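Chains as they are written, first to last, in numbering that gives the first Met the number 0: chain W, 0 to 305; chain C, 0 to 305.
These aren't lab readings, by the way, just hints derived from the structure by calculation. Remember, predicted model here, so these are calculated numbers, not experimental data. It is possible that part of the hints are untrue.
Said to hold, decoys possible - Under 7 angstroms between C-beta atoms, here's a sample of chain C residues computed to sit facing chain W: (1) LEU40; (2) ASN77; (3) ILE78; (4) ASN80; (5) LEU81; (6) GLY83; (7) ASP85; (8) GLN92; (9) LEU94; (10) LEU98; (11) THR101; (12) ARG102; (13) ALA120; (14) GLY242.
As the list claims (entries may be wrong) - Across the chosen pairs, the derived CB separations fall in these ranges: (15) PRO61(W) <-> ASN80(C): 51 to 57 angstroms; (16) PRO61(W) <-> ARG286(C): 45 to 51 angstroms; (17) ARG166(W) <-> ASP140(C): 53 to 59 angstroms; (18) GLU38(W) <-> LYS124(C): 57 to 63 angstroms; (19) GLY107(C) <-> ASP116(W): 52 to 58 angstroms; (20) GLN108(W) <-> GLU143(C): 26 to 32 angstroms; (21) SER106(W) <-> GLN108(C): 23 to 29 angstroms; (22) GLN108(W) <-> VAL154(C): 23 to 29 angstroms; (23) PRO61(W) <-> LYS124(C): 43 to 49 angstroms; (24) GLN108(W) <-> GLN108(C): 47 to 53 angstroms; (25) ASN80(C) <-> LEU216(W): 32 to 38 angstroms; (26) TRP86(C) <-> THR287(W): 39 to 45 angstroms.
From the three backbone atoms N, C-alpha and C, an ideal C-beta is built for every residue, glycine too.
Below, each chain spelled out in residue letters.
Number of protein chains: 2
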Amino acid sequence: MNIVALAGGVGGAKLVDGLAQALSPENLAAIVNTGDDFEHLGLLISPDLDTVCYTLAGLANPDTGWGRDAETFRALENIRNLGGPDWFTIGDQDLGTHLERTRRRRSGQSLSRVTKDFCQAWGIKQSVLPMSNELVQTIVDTEEFGELAFQEYFVHHKCEPKVKGFRFTGSENAHPAPGVLEAIGSADAIIFCPSNPWVSIDPILAVPGIHQAIAQLPIIAVSPIIGGIAVKGPAAKMFKELGIEPSALSIAFHYRDLLTGLILDNVDSELIKESPIPAYATNTLMRTREDRRRLAEDVLHLIRAK
Amino acid sequence: MNIVALAGGVGGAKLVDGLAQALSPENLAAIVNTGDDFEHLGLLISPDLDTVCYTLAGLANPDTGWGRDAETFRALENIRNLGGPDWFTIGDQDLGTHLERTRRRRSGQSLSRVTKDFCQAWGIKQSVLPMSNELVQTIVDTEEFGELAFQEYFVHHKCEPKVKGFRFTGSENAHPAPGVLEAIGSADAIIFCPSNPWVSIDPILAVPGIHQAIAQLPIIAVSPIIGGIAVKGPAAKMFKELGIEPSALSIAFHYRDLLTGLILDNVDSELIKESPIPAYATNTLMRTREDRRRLAEDVLHLIRAK
Numbered sequence: 000m001n002i003v004a005l006a007g008g009v010g011g012a013k014l015v016d017g018l019a020q021a022l023s024p025e026n027l028a029a030i031v032n033t034g035d036d037f038e039h040l041g042l043l044i045s046p047d048l049d050t051v052c053y054t055l056a057g058l059a060n061p062d063t064g065w066g067r068d069a070e071t072f073r074a075l076e077n078i079r080n081l082g083g084p085d086w087f088t089i090g091d092q093d094l095g096t097h098l099e100r101t102r103r104r105r106s107g108q109s110l111s112r113v114t115k116d117f118c119q120a121w122g123i124k125q126s127v128l129p130m131s132n133e134l135v136q137t138i139v140d141t142e143e144f145g146e147l148a149f150q151e152y153f154v155h156h157k158c159e160p161k162v163k164g165f166r167f168t169g170s171e172n173a174h175p176a177p178g179v180l181e182a183i184g185s186a187d188a189i190i191f192c193p194s195n196p197w198v199s200i201d202p203i204l205a206v207p208g209i210h211q212a213i214a215q216l217p218i219i220a221v222s223p224i225i226g227g228i229a230v231k232g233p234a235a236k237m238f239k240e241l242g243i244e245p246s247a248l249s250i251a252f253h254y255r256d257l258l259t260g261l262i263l264d265n266v267d268s269e270l271i272k273e274s275p276i277p278a279y280a281t282n283t284l285m286r287t288r289e290d291r292r293r294l295a296e297d298v299l300h301l302i303r304a305k
Numbered sequence: 000m001n002i003v004a005l006a007g008g009v010g011g012a013k014l015v016d017g018l019a020q021a022l023s024p025e026n027l028a029a030i031v032n033t034g035d036d037f038e039h040l041g042l043l044i045s046p047d048l049d050t051v052c053y054t055l056a057g058l059a060n061p062d063t064g065w066g067r068d069a070e071t072f073r074a075l076e077n078i079r080n081l082g083g084p085d086w087f088t089i090g091d092q093d094l095g096t097h098l099e100r101t102r103r104r105r106s107g108q109s110l111s112r113v114t115k116d117f118c119q120a121w122g123i124k125q126s127v128l129p130m131s132n133e134l135v136q137t138i139v140d141t142e143e144f145g146e147l148a149f150q151e152y153f154v155h156h157k158c159e160p161k162v163k164g165f166r167f168t169g170s171e172n173a174h175p176a177p178g179v180l181e182a183i184g185s186a187d188a189i190i191f192c193p194s195n196p197w198v199s200i201d202p203i204l205a206v207p208g209i210h211q212a213i214a215q216l217p218i219i220a221v222s223p224i225i226g227g228i229a230v231k232g233p234a235a236k237m238f239k240e241l242g243i244e245p246s247a248l249s250i251a252f253h254y255r256d257l258l259t260g261l262i263l264d265n266v267d268s269e270l271i272k273e274s275p276i277p278a279y280a281t282n283t284l285m286r287t288r289e290d291r292r293r294l295a296e297d298v299l300h301l302i303r304a305k
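Just chain W, same shape as in the assembly (with noise of 0.2 angstroms):
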């Protein structure tokens, strides 16, 4: 059974990983955000497919999902020293990754072809494929500020500014990265990882070609929230300030025009029956890596049910 899996960062990273455990490599394929993609410093950085990777590889630090394991900041902390910018948080390991991707894409390679070539030398079998090769960058209009840069709106201004809307800048003639449409071409089944479907998931469906591309196929998505509140990141704060009741429900209903299949919390079983679309409950909070590999079993045993 052929699984591509869509994902932003850190949620998204852990279903990925956990159906990595389930199924073998050639049958798992991520597609990943690129819309918080930036350039910092002079390096390109692509935060969610280095998440994915990390995780992926087992290289990432646990505690917060993102960067690297036993990290050291050196490099940041000589440029606080400096008066540089500090904001964003780049670990001494991590830079090492910004650096090499930022000279292969000046010298014209690829981020499709980059990533392929990390994959192979941190050993991940599977196929991770950036949304697309071009730049498409999420753009979060705010009561306070305007329109943001996604980074700026999410590590700078810590998700602080209220929220009016998204776009998705350069995604018009964005075209999906090499392998994409082909993944999904033979793929099985469609997972929508935990991720924030406004600046994670939304990001990849507006690339042309993969909404359409995607239509036909069973389609899972697992629900960023639980009890209301999301696990990780702004999604939750996102729906209230967009005038919606943040739930997994509010999930359903965002992409009820996709999903065969919805899956939601223990805790939010009640919302099953209100649900517009089919919803089954499990534990979907992954603590740890067999918690991972528990709700990729459940997500792949539901998509064999059906």
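Please build the complex by placing chain C on the supplied structure of chain W, with the hints as guidance.
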């Protein structure tokens, strides 16, 4: 007494540090070679400026003389693991310097402005000046590979190719950096630090205006060659390959039109009588910080005595 020291990397930085111990900060300016500056991994790197600054700030690696003390190399290890270029050793703390310098310069700040700000952040009270804000590149003409940019010759090829000559591209249109001619104008004497004459001091002298400005002043050179060998680096090898017997005397002849005095090592004291300019022997090897101060005071004593 105002002193201007012309310096390259490690040996030069050590004498500058000795002079900094012996003089009030306002009496010392170092004009530093930038002919070795290069771009690597997208970073604008100024090796000699960094060595002089790290040394003055007490941040330099005491074993190598270059790079930072108690340094780690985790970014570089990751770059190596990803198949990237690892021939130029950059430590993690050092990376912060290069990233922030690059960010500032790409935003339009001059190298001298950046250097001034970095010196302030590092608590350096002496004036450390790049020779020029414009790009001057030391090119080493070699028998095996033709012309090589300096770092290619120095680090990548480990100084192995046989040298035929040197040129300093861009020097004809370069200007002394702000403060350089002012420092020389108020100097009582010039010191050529024990740096490589071919690739550390000559590039500084190749910047139009500097040679002319110093020519009227007392100029004392400290020989980087002791007993026919260079304390560090390829100076002796370069003299040999150019058909010149490497010795403290070859330094005297190299600069004979400029120098008013040469300081050579006690082991070379028998060369004094053959020197084309007045020469003086002392212990010129700088193993400790105290050695640096003692040599600086010997040089200053000679200047005062003249």
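(request) Return the numbers of the hints above that this structure violates; sort them in rising order. (result) Hint check: 7, 14, 15, 18, 19 and 24 fail, others pass.
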